[in-house]
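K.L.:
Starting from two chains that each stand alone, build the complex the way the hints lay out.
Taken in order, these protein sequences are the chains called A and B. For the first sequence, position 161 matches number 161 in this note's numbering, and the numbering has no gaps at all. Quick note: to get this note's numbering, add 374 to the position in the second sequence (first position is 1).
Be aware that a few hints might be false.
[What the hints assert, rightly or not] Straight-line alpha carbon distances no greater than 25 Å define the calculated BS3-like cross-link-like pairs of lysine-lysine that follow:
(1) B:LYS573 - A:LYS205
(2) B:LYS407 - B:LYS428
(3) B:LYS385 - B:LYS398
(4) B:LYS385 - B:LYS498
(5) B:LYS398 - A:LYS45
(6) A:LYS86 - A:LYS205
[As the list claims (entries may be wrong)] Now the in silico label distances, taken between C-beta atoms and shown as ranges:
(7) A:ASP51 - B:LYS477: 40 to 48 Å
(8) A:LYS286 - B:ASN543: 47 to 55 Å
(9) B:ILE519 - A:MET32: 51 to 59 Å
(10) A:LEU16 - B:ARG576: 53 to 61 Å
If you are wondering where the hints come from, they were derived from the structure by calculation, not from laboratory data. Note that the Cβ used here is the ideal one computed from N, Cα and C, for glycine as well.
One letter stands for each residue in the lines below.
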Amino acid sequence: MSTAQNILQGDERAALALRALYRDHGYTQYKMNKFEEYDLYVRNKDFLISDNVITFTDTSGKLLALKPDVTLSIVKNSGCESGVEKVYYQENVYRVSGRTHAFREIMQVGLECIGDIDDYCLFEVLTLAAKSLAAISKDAVLDVSHLGIVSAVLDGLGIGDTARGELLGRIGEKNLHELTAIATANGVTPEGLAALTALVTSYGKPCEVLSVLVPLIKDFVPEKMLTSFSTLLTALEKSPAGDLVRLDFSVVGDIGYYNGLVFKGFVAGVPEGLLSGGEYNGLMRKMGKSQNAIGFAVYLDALERLLDNGSEYDVDTVVLYDSAADLSLLSEAIESLTAAGQTVAARRALPEKLRYQRLLKFDSKEGKLLEANA
Amino acid sequence: MKQMLNVALPKGRLGEKVYDMFEKAGFPCPSIKEDNRRLIFENEELGLRFFWAKPSDVPIYVERGVADIGVAGKDILLEYLPDVYELLDLNLGKCRMAVAAPKDFRDDPRHTLRVATKFSRIAKNYYDAQGRDIDIIHLNGSIEIAPIIGLSDVIVDIVETGTTLKENNLEVFATVVPISARLIANKAGFKFKNETIEKIVRGIAAQVEMRK
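Chain B on its own, in the form it takes in the complex (with noise of 0.2 Å):
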């Protein structure tokens, strides 16, 4: 039986985007294109399997070596810091995870700042480098409100417009990292089928180079 390379993409437009470009680069699987709510699809002559996972969770398959290859967000590899390679930067998805507050906010270093998030670890290491003391206010969601409502100082939250902030009377303050989305792969799945990841990954790298 041929072996079989797994990719987790990420559901969504994004994973889409990044489908067409494994497409591109070789390695097709047209069924996946077809309408209706499977998550995983074969190409058995090419020995390639795709399927979609929540975005968050990409990583955690990779980590865990059902998936060989995965697409992933930055903000999320930096969050959970999975034990996988980094491969490409595809340069799509992109934004910037960044401090917002209210317009009219002015840190006093006299008190200890608040801060809400979903990316805990992220702003932890942000202001730790900046020896800040922080309290950290972990939210799963609608961060925006959290210094509307006095639930905290500012947010570290991702922005792509700022439209969101904006109609919060927020504003970004400074830049944590820019995000993007970013090719990893398993480490042992990387050394048994290498020849294949490696021909993805120059298929792809020579497109993310034709765009830049």
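The shape of chain A in the complex, shown without the other chains (with noise of 0.2 Å):
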């Protein structure tokens, strides 16, 4: 790693990393204002992941909002009615995190593909997402799910909306025990049960899962929708980082944002998901928009305490001068450590508790740098 590289926090440098993996696909960078219209959030609001927006009214008197999002603003400003719209970002959002209850500014890169998708849109994007992780960490996991597949079942079930509601969350939450329970109770048949068990207990590489998952869900989900979404996976498997992808249809998102592929990805260490994305079509629509999309976020907030460098010593060298010490001879005596690749921290004391491994004096009257113990 370059001295450069050194410097930089371990979040920072991801994003460097992700930022040329984007751009090495043709993606462009998207540039954008920190606020925006709060009407824009409250429209959209089951689409953002926390409901608590930071206001605070312009100097015209509108209200404006610290932008809890960003694909909601790439959406509003997307303009190409043919041909398909690359972009990436690297922004701060502003939401109350899930786990503190309080509100943070969290670093966000990720990407939005807006046009005319189609498969080879959808493929690039699954492979991008799971590069994105594969640059991060070697251990790292890439969920995909399908919603369209996921409502294709619960439609089949011929069951009320609360129900397919209760069922949904209990998909995202593996929880098999009152998915049957729910099921039980609504009146599924025992082939409906067994598809709604296959995809909450359906976990693992795609070309192994597909094969058990799909003769058990096949009467529900339109064959065109199975098959497409089979080609993807083998194909994706068959990348370079193939590897990571996991089928796992507990990956689940709100339907009426998101319809299609769902995303979401891991790596060890970091207790939650740090990526997250997916086909959002029904956004699109809801905003007026005739295109389609797909898109996801890398939050680099996650990987602050795991891509830390870990170094043992704050510095290189510690050197002690006095009161009589010679700016010249000292400012020489510290260039020629730094010249060398050193850290150095110049103090007249020893900080109680800076790591160091050398400790050197500057002796004032022979104007040489001296081991301090010597």
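P.N.:
Below you can see the structure in the form of structure tokens.
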């Protein structure tokens, strides 16, 4: 790692790597204002991870918000009627953290692919999601699900909206015992229950899981949807970052906004998902857009501890000097150390908790550095 | 170094019963049965680390990933909604969350219902579903005295045998939700230690089935 790379925090290094990855695949950077009209979030409250938004009144009297989300702003400003718009971003968002129940500033890097989305676009975005995780850690997993398939199974059960919502929640929790109880209480057929059970219990490499899963759900899911999902996952598994991919229907999102692929990324050592994305054609329609869209975000705040350089020392060398030291000679001595690639802290007294490898003393009379213990 | 699977167990009788299930499933840690005040126990050979935690804190350990799996009551899961997987109903520690009130209580829909509880979210969701306007009084203990001294009209609390209610002249008016102990897992831990977690789930599920 170069010295410049060394200076960067782990999350900053990850952000650089991800931006380079997206740029290499032809995505252009999307830079945006920190503020957005509050109205945008009121109209799409359910799309936000947290309802709470920091608001303030602009000098013109407009109610503005510190951005809690990036996708909504990009969608609002997307304009291409034909073709595909591919953008990436690195922005800070401000929202309430689910764990601390307090507002946090979260650095987010992600991409959006908006327009005439074809199978290659879906494949490319999923591949980039997998590569993003691989760039952060060797030990990573990308869980992929398809809300269209989950919806089709739920639609085929002939149950009411409340039970449907409850079942979707239990699928997200991998909660087979309560799912079975709800399905039984709502008169779901044995075939329906078998399909639901398959969705909850299926987890693993796509090809292995699909061979067991497909026979159990094929009567509920349109053949075309199942075939294109299988084809996509098979291609994904063969791609360079394909080892990371797992099929997991517990990845669920708001069905009103997300419609097809949904996915979530994990790396070992971080207790929650740090990548989240999906096809959000539902959001596009709600915002009056006819195009389709897919995208994802990587939440870099979760990496703070994982990618910490973990250096044993705060500084390589501490140079102690006294008030009689000649400034030019002291400066020269320190420069000679930094030029040799060392990090140097010049202090008059040794700080109590500073971790250092070597302690030197600047001898004012001789005008040179000596080992402190010499 | 062998990758450790961290298991958070609730301190007390329930936790001891759950540990026995782990042992029977082939995941023992004999030192846990030694009579001492230690809270963390390891079986290095199997790569297992058990620790005792306050029951209501187990979901926090699991959600934050310091425990890969743990056992928590459904009451705690419904109240705090941790972002975890709920893999099994252990059918242990069975009780119910219920609405209780003095025997002569009559719900008057013209008034806001005053509800004393330790489980504010569960109570709110229960009455929201009925469209009933309530005033929640959050208490941390001795909930039973609230309606007796006029702090609330009803209480929403865990009822096991009903003895405490009876001794305080209260009775159950409705069951909110049945409660039992659940095996939960951290979402990331489930991915990276999947094989061991699945083995534990199968071993414990078989015992739950046999007890039914």
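K.L.:
For each hint given before, does the structure comply? Return the numbers of the non-compliant ones in rising order.
P.N.:
4, 5, 6 and 10
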